[in-house]
Every structure is written in C-alpha cells, then in structure tokens.
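Build the full structure now, drawing on both the sequences and the hints.
Okay, here's what each chain looks like letter by letter:
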Amino acid sequence: MNQAPRIPALATHGLTKSFGKPAVDNLDLEIRAGEFYALLGPNGAGKTTTLRMVAGLLKPDRGSISIFGINALAEPVAAKRLTAWVSDEPMIYDKLTPFEYLEFVAGLWGIEAASAEPAARELIDWLGLAPHANERCEGFSRGMRQKVALAGALVHDPSLIILDEPLTGLDAGTARQVKEVLQERVRGGRTVIMTTHILEVAERMAGRIGVISRGRLIAEGTLDELRGEGARDRSLEDVFLSLIAESAEA
Amino acid sequence: MIAPATPAWFARHELRIAWREWQSMMTANNRRRLSTVIISLAIFFAILHLPAYVMVGHFASPHKVVDKATLLTVTISLCLYGSLMLSQAMESVTRAFYARADLDLVLSSPVSAREVFAVRIASIAFTVSIMAVLLAGPFVNILALQGGPRWLAGYGLAFALGAGAAAIAVALTVALFRLLGPRRTRLVAQIVAAVVGAATVIGIQVMAILRYGTLARPSTLASDALLALAPDDNSVAWLPARAVMGDLSALAAVAATCLALLAAAILAFSGRFGEHALAASSVALGPTRPRQRRAGFRVVKPAAALRRKEWQLLRRDPWLASQTLTQLLYLLPPALLLSRNFGGAAGSTVIVVLVLVTVAGQLAGGLAWLAISGEDAPDMVASAPIPPGAVRRAKVEAVMGAVAVIFAPILIALAFASLRSAYIAATGIALATISSIQIQLWFQSQAQRRHFRRRHTSSRVATFAEAFSSFAWAGAAGLAVSGAWQAGLAALFALIILAGTRAISPRKATE
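Going down the list, the sequences are from chains A and B.
Anchor point for the first sequence: position 199 equals 225 in our numbering, and the numbering is continuous, going up by one each time.
Anchor point for the second sequence: position 359 equals 368 in our numbering, and the numbering is continuous, going up by one each time.
A few of these clues could be false.
[Claimed, not checked] EDC-like cross-link-like pairs, simulated, lysine to aspartate or glutamate; straight-line CA separation at most 20 Å:
(1) A:Lys-121 <-> B:Asp-385
(2) B:Lys-310 <-> A:Glu-138
(3) B:Lys-310 <-> A:Glu-143
(4) A:Lys-121 <-> B:Asp-388
(5) A:Lys-205 <-> A:Asp-151
(6) A:Lys-205 <-> A:Asp-114
(7) A:Lys-85 <-> B:Asp-233
(8) B:Lys-310 <-> A:Asp-183
(9) A:Lys-121 <-> B:Asp-326
(10) A:Lys-205 <-> A:Glu-148
(11) A:Lys-121 <-> A:Glu-164
None of these hints come from the bench; they were simulated from the model.
Okay, structure coming up:
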C-alpha cells in the first residue's frame, strides 16, 4: 500500500546567510514532524543564525524555508502561527507578571481565552511558577525568567518549537523541568529543534542530531549512526570533536 | 604612585568610573565619537553665552548699586539654579544606590566600607559641582566681561553649591530609604528629583501669574511687597547673592557652610551608605509584592494585546512616571494662565497653545521611543504571527492613545475659553505627536527600556529633529491662534525638518 509522504516539520534548501563572511552556507535540513532534533556545532558555526532565519527573525540571503509545507519566506505570518522561539537570553517584560505575560503572548497568537487560560495555568503549575504567577518578573532569577519565556513559547501550543541554548545558566532542577516539558511535548506529537553545547542533553534527548560547522551540515543521524559501525562505545563528545576536527582539516 | 586601598586610590577609581560612564552615555559606547562630542559640547558651551548675554548682560554694570532688590533678584535666580543642582544630585545618589554592580566586591573586600562610601559620596559631590560650574560658566563669563572680574567669584559659589546640593541629596535619599524602604525609594526619589528640578521654575511662574497675570523673570518678582517681606540688607540670607557678586568674605562663608554640610553628610551617612545600597541592590533579587489575582484571562486581538501591553508597561515604569510628571508640571503655569484669563486675553491663549504643543511633541517622542525602540522582548514579538506593519501600527496607536488621555482634559478646558484655540491646539498636538512618532520610527534602534536615559545618545539627529519639529508645530499653532499668516511658514518649516530628517534617516532605505 502506498503511503503519502509525511510533510516535514522543517525543510530548508540552500539556506545561506552572510555577514561579510558566510555564517550559513547552502544549508539543507529536513526535520520530521514529531521528532526531537539537536543541532550541534562549535561557537560561530551558524546554529543561532540558522534558527533565527527559521523563526522569521532574520532574512536569508538565499534559499528556502518550509514549515509544515508552508513557505515561511512567502507566508511568514502563517508559518509563525505554527512556531515558537526561545533564545538563551530570556527576554521578557520586567513590569508584567508571568500570568500577564502569557495573556499577552496568547493575544499575539490570537488564541481564544477559553483555551489559552487553562494552558497558561497548567504551564505555570508545571514549571513551578504558581507561587510567583502574580508577581512582576523584575525580581526573578535567570532560571525563573527562562521558565516564563518557555511558558510563553508553549502557551499557544506550537507545532514546531525552536530553542537556542535554552538550558544555559539554569540550575539542575530548572534544567530538568525544562527538559521534561520539552519531552512531554514531543510525546504529544510536537517537533523540537534545539541547539545546545551540553552534549549529554543531546545524547539523552534527541532522536536525531545534526552537526554544523562553518555554516554547513557536516553530519546528521541518530547517535548510533553518528558513532558508526564498530564504535558503539564512543561518546557523543568523542564523535563531535572528531567531526569538528575533520571539518577543520578539510 | 598612589598606594592601593587608600582614599585617594578609591577616589581615582570612582572618578575613572564616572568619567567612563559619562563617556559611554555621550558617545553611545563608540569611543571614536569622543572627540566629536567634546568639540560639539565646546561649541554648545560657546553658543550658550548668547542667551546668557540676553539674560544677564544688562545686570552686570560695574557701577550697579547692590540694593535689596538686586539681592532679591540674584537670590531668586540662585534658588532656581540650586533646585536644578539638587535634582541632579538626587539623580546621582539614586543611581549610586541602585545601579552600581560593584557592591559585592567592595563589601567583601578587606577595606573599610565607611572609607569607601565616604569617597563615593565625595565623588558624587565633585561630579555635581563640576556640572554646576559648567552650567554657570556662560553666565559667570558674561557677568565678568560686562561687570569686571569680581563676578568670577560665581565659579567658586557654583562649586560650593554643587557640594551643598550633594550633601542635601544624600540626606534626603537616606531619609527616604529609612521612611519608605528600598523598593519605594527608587520611584519616590526619581519623582522627587524631577519635581525639585522643575518646582522652583514653575513655582515662580505660578507666583508671577497669580500676582501679575503674566509669565515672569526673577527680576519682575522683586516687587515692593516681596521686598517688604525680605530680611535686612545685613542678613545671612543674602550671603550667596553677595558671594556671586564678588564679596570674598561672603563666598568664604557660603563655601565653608556647603563644605561643612558635605562633611557632615559624609560623617553621618557613609557608615550606613553601603548597607542601604546593598538593600537597594537586593530589591532586584527579592520577590515583588504579589498583585491582586485577576479573575481570568482577557485575550484580545493581537493589535489590542500589543496596545494593552504598552499601556501596562508605561503605567508601571517609575522613571517614565517621573519624566512624564515633570513635563506635565510645565503645563501648570499655562493652565493657570488660562484659568486667570478665562475667555479673555488672546495672548494668554497663545502661550497655552505653544506650551501644550511643545510638551505633547516631547512627551510623544519619549513614549514612542519606549514603545518602538524600547521593546524588551523583540524576538518574541517578531516571531509572533503578525505582520511587522501591524505591530508598528499598534504601538503607534498606544502612544497616540496615551497622549490623547493626557491632553484631552486640558483641551476640553481650553475649549470653554476658546473653541477655535482648542481646535488649533488639538491639531498642533496631533501633528507634533505624529511627527515625533515618525522620527522615532525612522531612527528605530533596538534597545532595552531601562536605557531610556540614554535614548538621546543613540541618535542625536533624532533628538534634535524631535525638538525642532515640536517647536515648529508649536510656533505654527501659536501663530494660528493669533491669526498671523506666518503660521503657514512655521508649518512649512516643520515639514522641511521632517523631510530633511527622513532623508538622512537609516530607515529610509527600508521603507
């Protein structure tokens, strides 16, 4: 029986962006719906630039971006309806409470109050923000701010969640909460694409891993595929460092 | 070589930090601009001698008799000047409490905290005094040129008043701390600083309007009634006035008093300064007072959500509150003038319209910067499914709504006096507001709201364009009220300013 091909959650073709020198160079990526994809690379490899282009925050010089089949460059509003962006620096409003922040985000995404409010309350509870839900964010620690930003990203139930180093600077407890929330979303059929420098996180959470260096995808696959035949005991760190070294020599 | 951890060493550190903060504020962190900034300031300083000549040139005759009326006029002028210095000093002290990131380092080091904070208070006094001297410079120079070198004593007095203002500012801020606690002090001190800066100017105008039915200069206030109430010629109250006019013994007395005040403030407060500063810095770490839990989510359309967010943030921004309050205070004299001449003199209405339109343009510029450039979550808003044009439109509407709410009551009052004037004022306010917003859109550059104080450094062109377009629209409205055909010329001038600004704006290419 012929099965219709599933539309990828994200597909980029020939994606290119240059800031004087190439930051992302002819990048082809395909991320399946419902998978947890980790994008790894050394500093300056082009990970953040790639994700910012996907989230509609940066215009590519060339190439295409498709989000669930929608041309994100031609129809940015339709594509953005399906995505959420979380950066390593939680940018929220100091003078709003988490509850008000989520209310604002739900308004921006045009979510009905009837569905947005229970989702917001659930996220606030789940991320341990309930005791602070009606305090202004100005006194919050970095971890709490990151949780508020994450709750904002999830309150409109995005199909594609794009995260750039979301665990930077978080304590162990907060990091675990964030990871659990993300895994739960993937179990619920959502797609997550995340950059991280914490290789253990990618090793444990990601279904597939892409390694990017100097703006190009140099390897992609499951952890076992990246390790290669006969090297099942190699850690992701060993694999990553050898890939980067090979890329530098090439 | 200065030995480490001595007061002189700390003083050098404090002055270096103060200098670099000033440099960064003036050059928007671009050190290559420093020479341009210094040359521009020197030119500006030189140009200030012209208005100074107009204001005090006639006052400095070498043969002028120092009578009570002269002393009263000089004293009133010094009160104006002192209030500005006190406002500036309160700003500096509040910033030292809340914005310094080195408290943990200083207090965890094996040096005497009292010594460190004594130096810190002294360095605040020094920077305020330098500012006082620079502000007084053009006036003192003109007076010395016209009336002889005795007027150079004004420099000494300015320096002393700066030190005295710093002492009073430290005492006031610490008192606010003890009275209100660290969280409220930040807001109240900022508002007090703004009000103090404006209060004397506005107070004198209010007095003049109540007494003479017109706006006033200090000399017009030296009336017979006030002179009758003033103390004898030999009173110590005239010492600052005598000092500025070259009486060296009076200068020595005032300087000694101000320095004694500063020494007392250092002795009394340096021990607790660190404690208060730590309390202030921990405000950011501690939980805020929970707000009343709302009944439920009120999710609205994206544009409405953006407008509501902007208004919420504007309402909750203490610094903005103080800025807004100051600008609104300047509306008090024209409002009073209006009520005194209700339905009468066209001249008063012209002044009211002029002030309304100017303040509206300036206020809209500040609000537009906060809404358009001072977006604290730019990525989140940019990643939302709303076209950028709709985001901009919602923010513009939020600013216009805020301006409308502030000016509507005054316009209604004006309409009772003169419907035509109210209509012209409303048009002028709308045009000045739209112009300021448009300039902010052209010069939009991403920044954090907390950098509101530094917004002028991101683009001086935008700052000047905003001010000149407000003045031009105000001029056009004022002339229109008085029925002068030159109103059209002033409006044309405003449009030329806007066209010129657009031509050199970085946004032109992206439109």
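Hint check:
no.: 1; hint: A:Lys-121 <-> B:Asp-385; in the structure: 10 Å, holds
no.: 2; hint: B:Lys-310 <-> A:Glu-138; in the structure: 9 Å, holds
no.: 3; hint: B:Lys-310 <-> A:Glu-143; in the structure: 15 Å, holds
no.: 4; hint: A:Lys-121 <-> B:Asp-388; in the structure: 18 Å, holds
no.: 5; hint: A:Lys-205 <-> A:Asp-151; in the structure: 15 Å, holds
no.: 6; hint: A:Lys-205 <-> A:Asp-114; in the structure: 14 Å, holds
no.: 7; hint: A:Lys-85 <-> B:Asp-233; in the structure: 72 Å, violated
no.: 8; hint: B:Lys-310 <-> A:Asp-183; in the structure: 17 Å, holds
no.: 9; hint: A:Lys-121 <-> B:Asp-326; in the structure: 7 Å, holds
no.: 10; hint: A:Lys-205 <-> A:Glu-148; in the structure: 16 Å, holds
no.: 11; hint: A:Lys-121 <-> A:Glu-164; in the structure: 6 Å, holds
In summary, the one numbered hint that this structure violates is 7.
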